[in-house]
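Protein chains in written order, with numbering that gives the first Met the number 0: chain P, 0 to 336; chain G, 0 to 336; chain V, 0 to 336.
Worth flagging that the hints you see were computed from the coordinates, not collected in a lab.
Put simply, identical chains are the same to the list, so a pair is met inside one copy or across any two.
Within a straight-line C-alpha distance of at most 20 Å, the following computed EDC-like cross-link-like pairs (lysine to aspartate or glutamate) qualify: (1) K39 to D26; (2) K168 to E195; (3) K85 to D276; (4) K85 to D285; (5) K85 to E237; (6) K85 to E279; (7) K85 to D246.
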Amino acid sequence: MHFPGSHILSVSQFERSDVDRIFDVADGMRPYAHRERMTKVLDGAILGNMFFEPSTRTRVSFGCAFNLLGGEVRETTDIKASSLTKGESLYDTGRVMSGYSDIIVMRHPQAGSVAEFSRASRVPVLNAGDGPNEHPSQALLDLYTIKKELMSRDQGIDGMHIAMIGDLKHGRTVHSLSQLVSLYNKIRFTLISPKELSMPEEIVEELRKRGHQVIETEDMEHGLEGNDIVYLTRIQEERFATKMEADIYRGRFRLNQAIYTRYCRPNTVIMHPLPRDSREEANELDNDLNQHPSLAIFRQTDNGVLVRMALFALTLDVVNQVEKTAREVNWYTERRF
Amino acid sequence: MHFPGSHILSVSQFERSDVDRIFDVADGMRPYAHRERMTKVLDGAILGNMFFEPSTRTRVSFGCAFNLLGGEVRETTDIKASSLTKGESLYDTGRVMSGYSDIIVMRHPQAGSVAEFSRASRVPVLNAGDGPNEHPSQALLDLYTIKKELMSRDQGIDGMHIAMIGDLKHGRTVHSLSQLVSLYNKIRFTLISPKELSMPEEIVEELRKRGHQVIETEDMEHGLEGNDIVYLTRIQEERFATKMEADIYRGRFRLNQAIYTRYCRPNTVIMHPLPRDSREEANELDNDLNQHPSLAIFRQTDNGVLVRMALFALTLDVVNQVEKTAREVNWYTERRF
Amino acid sequence: MHFPGSHILSVSQFERSDVDRIFDVADGMRPYAHRERMTKVLDGAILGNMFFEPSTRTRVSFGCAFNLLGGEVRETTDIKASSLTKGESLYDTGRVMSGYSDIIVMRHPQAGSVAEFSRASRVPVLNAGDGPNEHPSQALLDLYTIKKELMSRDQGIDGMHIAMIGDLKHGRTVHSLSQLVSLYNKIRFTLISPKELSMPEEIVEELRKRGHQVIETEDMEHGLEGNDIVYLTRIQEERFATKMEADIYRGRFRLNQAIYTRYCRPNTVIMHPLPRDSREEANELDNDLNQHPSLAIFRQTDNGVLVRMALFALTLDVVNQVEKTAREVNWYTERRF
Chain P
0 MHFPGSHILS VSQFERSDVD RIFDVADGMR PYAHRERMTK VLDGAILGNM FFEPSTRTRV
60 SFGCAFNLLG GEVRETTDIK ASSLTKGESL YDTGRVMSGY SDIIVMRHPQ AGSVAEFSRA
120 SRVPVLNAGD GPNEHPSQAL LDLYTIKKEL MSRDQGIDGM HIAMIGDLKH GRTVHSLSQL
180 VSLYNKIRFT LISPKELSMP EEIVEELRKR GHQVIETEDM EHGLEGNDIV YLTRIQEERF
240 ATKMEADIYR GRFRLNQAIY TRYCRPNTVI MHPLPRDSRE EANELDNDLN QHPSLAIFRQ
300 TDNGVLVRMA LFALTLDVVN QVEKTAREVN WYTERRF
Chain G
0 MHFPGSHILS VSQFERSDVD RIFDVADGMR PYAHRERMTK VLDGAILGNM FFEPSTRTRV
60 SFGCAFNLLG GEVRETTDIK ASSLTKGESL YDTGRVMSGY SDIIVMRHPQ AGSVAEFSRA
120 SRVPVLNAGD GPNEHPSQAL LDLYTIKKEL MSRDQGIDGM HIAMIGDLKH GRTVHSLSQL
180 VSLYNKIRFT LISPKELSMP EEIVEELRKR GHQVIETEDM EHGLEGNDIV YLTRIQEERF
240 ATKMEADIYR GRFRLNQAIY TRYCRPNTVI MHPLPRDSRE EANELDNDLN QHPSLAIFRQ
300 TDNGVLVRMA LFALTLDVVN QVEKTAREVN WYTERRF
Chain V
0 MHFPGSHILS VSQFERSDVD RIFDVADGMR PYAHRERMTK VLDGAILGNM FFEPSTRTRV
60 SFGCAFNLLG GEVRETTDIK ASSLTKGESL YDTGRVMSGY SDIIVMRHPQ AGSVAEFSRA
120 SRVPVLNAGD GPNEHPSQAL LDLYTIKKEL MSRDQGIDGM HIAMIGDLKH GRTVHSLSQL
180 VSLYNKIRFT LISPKELSMP EEIVEELRKR GHQVIETEDM EHGLEGNDIV YLTRIQEERF
240 ATKMEADIYR GRFRLNQAIY TRYCRPNTVI MHPLPRDSRE EANELDNDLN QHPSLAIFRQ
300 TDNGVLVRMA LFALTLDVVN QVEKTAREVN WYTERRF
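With the hints as extra help, turn the sequences into a complete structure.
Written out as structure tokens, the structure reads:
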């Protein structure tokens with residue numbers, strides 16, 4: 000695809016070469032995100048960071064990524080504070096807000112809303128999650144993390160074995176990620192979930208059609224075996240009709256040190272889109288794995304900044320200018336790793 | 000008036016020459032707002048963008064206008080998150096907050112609140128709407144749009160015919176706009192509303208006293224005839240005692256393609272302060288006019304950025320320095336017009 | 000203490016020499032906060048300004064302090080909009096958010112929460128209030144104000160007489176301030192409160208152990224006598240079980256012009272952490288003192304910016320570089336003092 004000026008709405012926009020391009024640019028962002036250097040390439044540019052659904056990490060991650068490139072961020076964090084509650088159409092909102100900024104990031108609880116908004120927008124729109132539908136930057140940062148983790152084990156993505164665990168029905172991250180992974184070759188997907196929360200049939204079929212192996216199971220112990228990656232998810236309580244209904248499934252599949260040691264291949268990468276639910280009754284990914292070297296969950300969020308910087312640099316067409324405006328960082332940047 | 004350091008609280012502060020001055024400065028902001036060039040004239044300055052009432056477009060428009068001049072923005076978006084709920088007076092809030100920034104934009108649900116706040120402020124305060132009372136930057140952007148639209152038809156504001164339609168009782172935009180228009184000569188105002196939502200008597204009298212013609216009517220079809228501008232408004236539901244009371248009037252006056260073609264003079268400019276209520280039961284300005292060249296509603300919001308940039312540049316006294324700090328824009332700026 | 004890279008969680012971290020160092024740096028920030036000059040020393044740095052409890056003044060004060068040093072600010076203002084409501088631990092939130100910014104300011108309703116968060120953070124964390132527990136930057140700005148006010152009366156902190164009045168049980172500001180003041184010599188504390196809202200016993204004991212004189216009383220008139228400083232506080236309604244319970248105490252201790260003139264020594268400095276509750280039923284500090292030269296409450300909030308700039312400059316280790324990036328301010332900065 001041609002990135003400059005494009006909307007990023009769905010992982011289905013990407014071919015494998017596009018993903019490679021994004022990851023190459025993300026690699027180049029590392030010294031800036033790690034504060035070894037700074038750049039002002041987007042000095043004067045404005046991001047409209049529009050979140051019409053609760054979010055901390057994604058919103059701040061996008062905002063910081065834009066700041067790290069030198070740009071300014073204007074924000075909306077509350078649907079109640081918005082004209083949408085006064086009966087305004089997404090078309091009007093899109094047309095108006097796109098007159099205020101150079102690029103827009105948008106999250107909205109309704110599937111398809113961001114695409115509808117983008118049709119009226121005169122500037123690029125990046126989908127930061129439209130309800131249960133898509134969350135392309137999350138899928139990209141997940142895949143980027145998979146690539147980096149496997150690379151450090153001298154492996155590639157092609158041929159890998161990945162297990163996805165939990166609420167595979169409502170989790171938009173596993174939907175988008177499996178679509179993206181399917182661009183690669185000969186993947187083995189093990190989908191572990193209660194039957195009622197299994198991966199939508201059309202996604203499973205698509206994966207098989209593209210030549211991948213898909214195993215669906217409710218047996219976590221067995222399903223964990225022989226994977227390179229295990230990807231856990233939270234029960235998406237907010238997508239259920241009632242909290243009670245969500246409670247039925249909460250805590251059903253849990254990974255902790257004991258289970259990991261017993262069933263997982265050594266060095267299996269542990270991933271989670273976060274937030275993980277650490278309450279007693281859920282605890283899908285136990286804190287006793289926090290110091291485990293294969294726990295990649297915080298590398299995922301760190302990588303999110305790189306991938307989002309890459310998306311901004313590509314859609315605003317400044318990739319080749321990042322270094323020109325770079326300079327040394329003059330404040331304390333030692334990190335406690 | 001002398002702009003540097005002044006509060007902008009009410010359209011009644013302005014003489015015609017002041018309006019002309021603001022519009023001249025707004026014209027000069029066009030290349031910066033359209034991203035043909037960028038300026039850092041307010042690099043280092045801080046705007047306190049204080050919204051104690053829901054707003055997206057006005058808040059973001061002011062914030063972006065300040066960013067476009069190179070300044071930083073600190074924001075408050077929620078009255079619940081504020082000290083006002085702990086019994087703090089507007090005087091204290093004004094005195095304290097004015098120690099944090101170089102200029103303040105404020106919206107508050109209570110008439111007169113912004114003026115009260117400004118009396119304690121040591122920095123300029125711009126009124127972004129104080130309940131049903133005033134919203135001067137909206138009136139200015141409306142009049143600026145009228146001027147530009149008529150100019151493209153080789154007309155001026157003097158002698159124009161304007162119809163205002165809808166909730167003329169609660170709509171602060173039509174109050175402020177008519178006051179501002181009254182600075183010009185020989186205007187014909189046609190005020191179309193249910194009797195219960197008619198323009199306040201003192202405003203009508205003032206318009207007549209200044210030599211303008213005012214027609215009040217409930218007959219929309221007839222009222223639409225012979226105008227240069229038709230200005231529609233939303234039923235201000237939040238100003239009614241109950242939603243039910245608002246519902247009585249919702250959808251009573253609607254403009255769509257068929258009505259426009261039948262009753263309006265060709266090229267009549269269509270305006271609306273936005274948000275328009277596009278729900279079935281309201282729909283005061285139909286989407287079937289979205290592609291109409293005389294629909295100026297999105298040019299209004301675009302112009303809002305120019306006018307707000309002008310107000311900042313004038314009150315902070317940097318008009319003559321804008322170009323000095325200007326340079327080329329280096330990112331993708333092609334707009335989909 | 001060694002400031003670069005340190006968390007600022009509690010006043011108990013400081014020795015007297017640390018306080019002196021902070022105040023020296025704060026003094027140097029004056030020309031920048033007063034807009035006589037500007038600096039870009041933190042150009043490119045990002046503050047994560049995370050408020051999980053309502054706050055306007057503290058949040059904006061920290062944000063502006065960072066902007067005044069040239070840095071960018073990303074913000075969280077609502078606990079409902081956060082992953083904490085999805086069961087995320089403070090550890091996870093801390094670890095993730097610290098990957099997004101160079102420094103974090105955090106407020107949270109729960110005592111100890113900020114310290115817990117900081118243990119996972121890889122960047123410095125400044126405590127902006129953890130429930131009833133600590134609020135170190137407030138204590139520092141209060142003490143800084145005391146120092147400046149007494150200095151203008153040719154006095155020092157050692158040997159001063161200070162009265163603290165109101166809800167001394169829940170007011171974290173008086174807890175932190177008295178701890179900080181106790182680093183100095185031979186202070187006389189007069190603690191005026193209803194018995195039920197008196198200063199926690201362990202704090203009183205600590206003050207006595209360090210050689211200070213502590214008088215506890217319910218008699219305000221008598222307690223006001225012979226002080227250099229009177230420090231009033233608001234009833235911390237949000238810390239009571241019910242509003243009714245808070246109402247019992249509201250308005251019990253009030254300072255106004257008449258009482259001040261009758262009982263206080265001339266020139267006694269009047270302080271309050273703000274917001275003061277100006278509702279009829281509370282009104283702990285009357286507006287009839289607003290023009291009194293000894294009313295230091297707004298000098299307190301102004302000083303807050305200086306102290307917070309100092310904390311940022313010290314923890315990010317840029318104190319010696321502030322002037323290097325300084326330049327003249329080019330916009331209107333006349334203040335109405």
